[in-house]
Amino acid sequence: MSATAGQGRPAVPESAASRTRISVEGLDKLFKTADGELLAVDNVSFEVKQGEFVALLGPSGCGKSTILNMVAGLLPKTKGAIRIDGDDVVHGKINPKVGYVFQRDTVFPWRTVEANIGYGLEIAGMAKAERAAKVKRAIELAGLAGFDKNFPRMLSGGMRQRVALMRTLIMEPEVLLMDEPFGALDTHTKLEMHKTLLEIWERERQTVLFVTHDLGEALTLSSRIILLSARPGRLKEDFAVTFARPRDAVSLRETAEFGELYSHIWHSLGEEFRRTKAE
Amino acid sequence: MVGTKVKILLWQLVILATAFCIWEWGYDLRKVAALKPFVPSILDPYFISKPSAIWTSFLKLGCLSDPAGFIACFDKNPNNLWLATVVTLKNMWWGFVSGSVSGVLAGLILGRSDYLAKICEPYIVAMNSIPRIALVPLIILMFGLGDMSKVVTAWIVVFFVVFFNTFEGTRSVDRDQIAAARLLGASELTVLRTVVIPSALAWVFASLTPAVSFALIGVIVGEFIGAERGLGKLIIEAEARANAAEMMVAIFIMMIVGIMLAFVVRRVQAYLLRWQPQFERQV
Ligand SMILES: Nc1ncnc2c1ncn2[C@@H]1O[C@H](COP(=O)(O)OP(=O)(O)OP(=O)(O)O)[C@@H](O)[C@H]1O
Ligand SMILES: [Mg+2]
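Order-wise, the sequence lines are chains A and B.
Residue 1 is where the first sequence starts when you use the numbering used here, and the numbers rise one by one after that.
Residue 1001 is where the second sequence starts when you use the numbering used here, and the numbers rise one by one after that.
Simulated from the structure, these hints should not be mistaken for laboratory data.
The reader is advised that the hints may include incorrect statements.
[To be verified] Label pairs and their computed distance ranges (CB to CB): (1) B:E1237 - A:K128: 55 to 61 Å; (2) A:A34 - B:G1144: 35 to 41 Å; (3) B:F1224 - A:T33: 51 to 57 Å.
[Said to hold, decoys possible] Okay, derived cross-link-like pairs now, DSSO-like style, lysine-lysine, Cα gap no bigger than 27 Å in a straight line: (4) A:K32 - B:K1076; (5) A:K128 - A:K97; (6) B:K1060 - A:K93; (7) B:K1076 - B:K1060.
A virtual CB, placed ideally from N, CA and C, is assigned to each residue, including glycine.
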């Protein structure tokens, strides 16, 4: 567990014995912009163990995407260390074990739904028949059956995000990084997506680092919440989310434990939101 | 829906018929003294000929009315309408193909490499600020009066248009889409093939329709300045004889060629870009 973990509940991972997959130590990110320097991430350290679902929670602009991009190797870090399975993450070098779902819509508009989902398998050279079977299963799992041959522009935002999710999941990444994948969706669609994701994750148990600024979402999905402060992003607190699994995205929200933990973290988060506004 | 379509077509026909009537008989109205001030002298058939005369010239230039027969007339005149059209088309085609291919390649390479783009920038800006047509005499000096100089002229005109569009298109590819492809296992080359090119294709095609016209312009100007054959040469010869009808024949042929090629480009575009909403119904 990270030494800087906060004063909240003791953070106990769901399977304490498992090995560390992602480790972040003393991570800094300093952006050099036209009007000076901007410290986006300040001395952040945490670990994610095998099979954990960790939510990175914080107000908008606190550096969540920045952290995730550095973990994925998409952005150079300023200081600190990031390791995945003990190997240093090098900027620009993509780790095939890592899957990434973007905050923005990155579905390829010139590919049909099935060609989008099959993209990674196709470029890896998987035989057509084998690929088609896998894609078909993924499409069904995502509730997109019947839309196989559609281009993304004919899909709703929620459906496009499912395509993006399945496009990543079909590669069976061991470590899954997600940057507010449902941020742009309405509440109802979001809950649907939570169901789908929970279903898949509770079966496959990938190691997940999930960025969000939605506390309800973090509580519904994760087994641990790392709370970041307003910019510059610092580690504020670390909460274990111990609700029983399998979880039901809807009824979970009505339980007393949910409400209790919600208001507990909300208080802490509220301070950070106020700090963001005050700036 | 259908009603509107028919109406539009009807209006188009009315305008066409009116234009032809004015063209054919408009100048004759000058004979009526009262109307004379209202008939502009530009309608003089000496300048713009008239449809009936153009048709006669077409038959003559096309060897369709020669008493000696089509074959004899065709053989006798090395720059008859058909040969001239074929020569101009052929030169235009090669100029268009070489210009587009090299333009796309250069645009992709420089678009993907900031380093190379920075090195080449001043040269490209300098080259681009030369009016391409000003180079034609030089090109003819270098490549002679034959077909090569026309191909090169068309190439140089097409190249820059396609290059700039491809470059911009390559530059504006969504960085997150590239990152997404990389994270799904794509190599640099695969990214180019599966993300950059499809994404830049809309930009490339936006330049190909004008490029067709530019290729034709390039070839014709080349033929104006110095050529042995071709539609441009036909026009220059007719001009020497102050024969507006023959010039008009060549102009009409070019128009038809231009329309057909633009149509082909548009069909290919509609198919390749069928994922874009504006091409949804055209495939
Ligand atoms: N390329 C960049 N250059 C300069 N500043 C940047 C850059 N990228 C991000 N920032 C700044 O760093 C801070 C953190 O950005 P980041 O995108 O990580 O926020 P976030 O926590 O993901 O926010 P959100 O929830 O709105 O997505 C912001 O203040 C942002 O303005
Ligand atoms: Mg973000």
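With 55 to 61 Å as the target window, see if B:E1237 and A:K128 comply at their CB atoms.
Holds, since B:E1237 and A:K128 (Cβ atoms, about 59 Å apart) stay within the stated range.
Between the alpha carbons of A:K128 and A:K97, is the straight-line distance 27 Å or under?
holds, 23 Å
Indicate whether the distance between the beta carbons of B:F1224 and A:T33 respects the range 51 to 57 Å.
Hint holds: Cβ distance 54 Å, inside 51 to 57 Å.
When you check the alpha-carbon spacing of B:K1060 and A:K93, does it fall within 27 Å?
violated, 70 Å
Is B:K1076 close enough to B:K1060, meaning Cα to Cα at most 27 Å?
holds, 13 Å
Can the suggested window of 35 to 41 Å be confirmed for the beta-carbon pair A:A34 and B:G1144?
Violated, at about 54 Å.
Does B:K1076 lie within 27 Å of A:K32 when you go C-alpha to C-alpha?
violated, 75 Å
Checked against the numbered hints given earlier, the structure breaks hints 2, 4, 6 and satisfies all the rest.
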